[in-house]
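Participant: Each chain, written out:
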Amino acid sequence: GAGVSQSPRYKVAKRGQDVALRCDPISGHVSLFWYQQALGQGPEFLTYFQNEAQLDKSGLPSDRFFAERPEGSVSTLKIQRTQQEDSAVYLCASSQGQGRSPTQYFGPGTRLTVL
Amino acid sequence: DQQVKQNSPSLSVQEGRISILNCDYTNSMFDYFLWYKKYPAEGPTFLISISSIKDKNEDGRFTVFLNKSAKHLSLHIVPSQPGDSAVYFCAASASGGSNYKLTFGKGTLLTVNP
Chain A
1 GAGVSQSPRY
11 KVAKRGQDVA
21 LRCDPISGHV
31 SLFWYQQALG
41 QGPEFLTYFQ
51 NEAQLDKSGL
61 PSDRFFAERP
71 EGSVSTLKIQ
81 RTQQEDSAVY
91 LCASSQGQGR
101 SPTQYFGPGT
111 RLTVL
Chain B
1 DQQVKQNSPS
11 LSVQEGRISI
21 LNCDYTNSMF
31 DYFLWYKKYP
41 AEGPTFLISI
51 SSIKDKNEDG
61 RFTVFLNKSA
71 KHLSLHIVPS
81 QPGDSAVYFC
91 AASASGGSNY
101 KLTFGKGTLL
111 TVNP
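Going down the list, the protein sequences come from chains A and B. Using our numbering, the letters of the first sequence map in sequence onto residues 1 to 115. Using our numbering, the letters of the second sequence map in sequence onto residues 1 to 114.
Just to be clear, a hint being listed does not mean it is correct.
[Unchecked claim] Straight-line C-alpha distance at most 30 Å; calculated BS3-like pairs for lysine-lysine:
hint	chain 1	residue 1	chain 2	residue 2
1	A	K57	B	K106
2	A	K14	B	K106
3	A	K57	B	K71
4	B	K71	A	K11
Quick caveat, the hints were computed from the structure, so don't treat them as lab data.
Next comes chain A alone, as it looks inside the complex:
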């Protein structure tokens, strides 16, 4: 079946612009995660949803970052007033959810470049 998809794959923004990154998880996956991967580093956790509930947003680096998953499927990560330090690859992952396999499956990522 289809894996996790993300759009756009590449985004260039001028400093101060707002951006929105979309994630389509694997159908039926309850849990959805966002990660940020800087160059030469491993992915770092941003936020976690179980269905439409955002249960953990401890990794969001500032209040400029906002994520939602209103119907428990597609999720959007929004970054307001982008800064150069926001340049990174943003990865989305989904898993079956609590009590089932915790293995997370990743999308291809969105590479954000802030000029």
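Given chain A, work out where chain B should sit, using these hints.
Facilitator: Relative to the frame of chain A, chain B by itself:
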């Protein structure tokens, strides 16, 4: 403070030989471990996982070993193939509650030479 460490940034092996990638962790709450492979411009691809109730898990050419007392795990690839050349990430999670967020190492670049 890095909770998951992959101390070798790179590893080079000959085709057909064994590749051993290592990972250390510091958080004793971690009880589920995964290895991902990543090609350039793609997302991480799940390879193999192991629960802390086991010390070994095997899937084809891939075997993961877990030494809980040493807080160390390793990924063995036998025999190595040129298509295995990629960055390998070790990841860990603490399964308490419903949040299985992963903590990743920085990755090891594996190059398999023909």
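Participant: Does the structure keep K14 of chain A and K106 of chain B at a Cα separation of 30 Å or less?
Facilitator: Distance ~29 Å between K14 of chain A and K106 of chain B Cα, so the pair holds.
Participant: Between K57 of chain A and K106 of chain B, is the straight-line Cα distance small enough, at 30 Å or below?
Facilitator: holds (22 Å)
Participant: What's the verdict on K57 of chain A and K71 of chain B, does the C-alpha distance respect the 30 Å limit or exceed it?
Facilitator: holds (28 Å)
Participant: Do the alpha carbons of K71 of chain B and K11 of chain A lie within 30 Å of each other, as the hint requires?
Facilitator: With a Cα-Cα distance of about 39 Å, the restraint between K71 of chain B and K11 of chain A is violated, given a limit of 30 Å.
The structure shown violates just one earlier hint, number 4.
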